[in-house]
Amino acid sequence: MSSVNVDYQIVAFCCQYCAYAAADLAGGLRLQYPPNVKIVQIPCTGKMDVLYALQAFESGADAVMVAGCMPGDCHFLEGNFNAVRRVERVKDLLRQIGLEAERIRMFHISSSMASQFVAATEEMLRTVEAIGPNPLRVSGKAHPQETCGLPSG
Amino acid sequence: MIIAEQKPFEEIKNLIEPAQRVLVVGCGTCVTVCFAGGAREAAILAASLRMASKLNGDPKEVTDVTVQRQCEWEYLDTIAEQINEADIVLSIGCGIGVQAIAERYPKTWVVPGLNTAFLGLPAEQGVWVERCAACGDCILGLTAGICPIARCSKSLLNGPCGGSQDGHCEVNEEIPCAWQLIYDRLQSLGKLEMLYEIRPPKNWRTSRDGGPRKIVRPDLRLSEEE
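In the order they appear, the protein sequences are chains S and C.
Read left to right, the first sequence gives residues 3 to 155 (this note's numbering).
Read left to right, the second sequence gives residues 147 to 372 (this note's numbering).
No wet-lab data here; the hints were simulated from the structure.
Backbone N, C-alpha and C define an ideal beta-carbon position, used for all residues, glycine too.
Some hints here could point you the wrong way.
[Stated by the list, open to error] Heads up, simulated DSS-like pairs for lysine-lysine below, C-alpha to C-alpha not over 25 Å straight-line:
(1) K300/C / K337/C
(2) K93/S / K200/C
(3) K200/C / K153/C
(4) K300/C / K253/C
(5) K253/C / K159/C
(6) K337/C / K348/C
(7) K49/S / K93/S
(8) K93/S / K300/C
(9) K93/S / K159/C
[What the hints assert, rightly or not] Where chain S lies over chain C, by a calculated footprint (3+ residues, C-beta under 8 Å):
(10) 241-252
(11) 302-308
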């Protein structure tokens with residue numbers, strides 16, 4: 003973890019039933035994951051809106067992770083499948099806009115997969131380190147309070 | 147409802163290229179339901195244009211607003227201030243919405259963000275199909291509620307033609323033959339004898355052939371005093 007560039011900002015939209023719990027478990031197990039990851043809890047990745055991702059990128063986020071349940075395990079039956087399609091749409095939009103489609107990615111992580119959550123965040127960080135910072139940032143740092151794209155409260 | 151789809155992003159970028167302040171105007175009716183031009187699509191398009199212009203080295207001020215119906219003056223009047231402040235209005239309503247803005251705001255440059263496609267319905271999630279050609283002289287009462295004008299590739303009044311193969315149109319295998327659908331439905335309703343009647347050529351003056359159309363309802367008009 004010593005080589006982590008803490009300036010990179012990764013917004014992780016995590017389903018409360020799986021990936022969010024996996025992140026929690028990672029904490030409980032004292033597993034370290036990159037501090038660049040800012041977690042936004044959502045009730046299901048089916049709540050993931052294309053606009054949330056765009057607002058994150060517009061606010062300077064370098065990457066967006068969407069982490070939902072394993073295929074077939076969605077608490078709301080198919081919210082995670084809807085999220086997969088929306089992530090694909092965001093990839094198309096990013097290409098049109100002129101950003102790299104690799105900046106957003108969908109993960110399937112169950113609540114017990116703490117080490118896989120850590121691996122996913124590290125993989126996402128490696129991706130942004132390879133493609134560089136989001137060129138839309140005004141300054142060198144993103145504004146974490148603006149990156150989530152969700153209303154407060 | 148009116149079905150539309152967004153123009154290619156590059157075309158939209160070129161349309162707004164000369165402007166600095168861009169107002170994306172969505173419409174809360176038909177194009178919202180077909181996910182082409184509602185509030186969410188307006189916000190997505192505005193955010194995309196802001197980011198693309200910034201990456202291009204020419205950051206534009208792109209804002210968005212959505213009215214309930216772009217095709218009525220009353221709703222357009224509610225956004226007069228925003229329209230007047232914009233260098234260009236990018237309407238993502240149907241073609242009627244674009245023209246309504248142009249008519250209501252003569253000094254405003256308005257461009258379309260959508261291609262208005264047809265009158266139809268959502269056949270399933272994410273799939274829209276054409277159902278009406280707005281010909282102005284409905285014959286659905288003669289064709290078992292299936293429109294051969296909109297759904298037959300030749301708009302035949304006495305079909306099917308020789309291009310109907312296994313229930314599909316020769317134009318494209320994915321197009322069901324409208325006249326096969328009409329035959330099947332008449333048969334299931336026990337009204338096949340209706341097909342014995344030969345339909346004379348249609349009067350197309352009620353359609354586009356009579357020029358732009360207009361309907362006046364004297365009973366609904368306001369008196370001059372009002």
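Evaluated hints:
no.: 1; hint: K300/C / K337/C; verdict: holds (24 Å)
no.: 2; hint: K93/S / K200/C; verdict: holds (18 Å)
no.: 3; hint: K200/C / K153/C; verdict: holds (21 Å)
no.: 4; hint: K300/C / K253/C; verdict: violated (42 Å)
no.: 5; hint: K253/C / K159/C; verdict: holds (21 Å)
no.: 6; hint: K337/C / K348/C; verdict: holds (22 Å)
no.: 7; hint: K49/S / K93/S; verdict: holds (18 Å)
no.: 8; hint: K93/S / K300/C; verdict: violated (40 Å)
no.: 9; hint: K93/S / K159/C; verdict: holds (18 Å)
no.: 10; hint: 241-252; verdict: violated (count 0)
no.: 11; hint: 302-308; verdict: violated (count 0)
Figure legend: structure checked against the earlier numbered hints; hints not met, in rising order: 4, 8, 10, 11.
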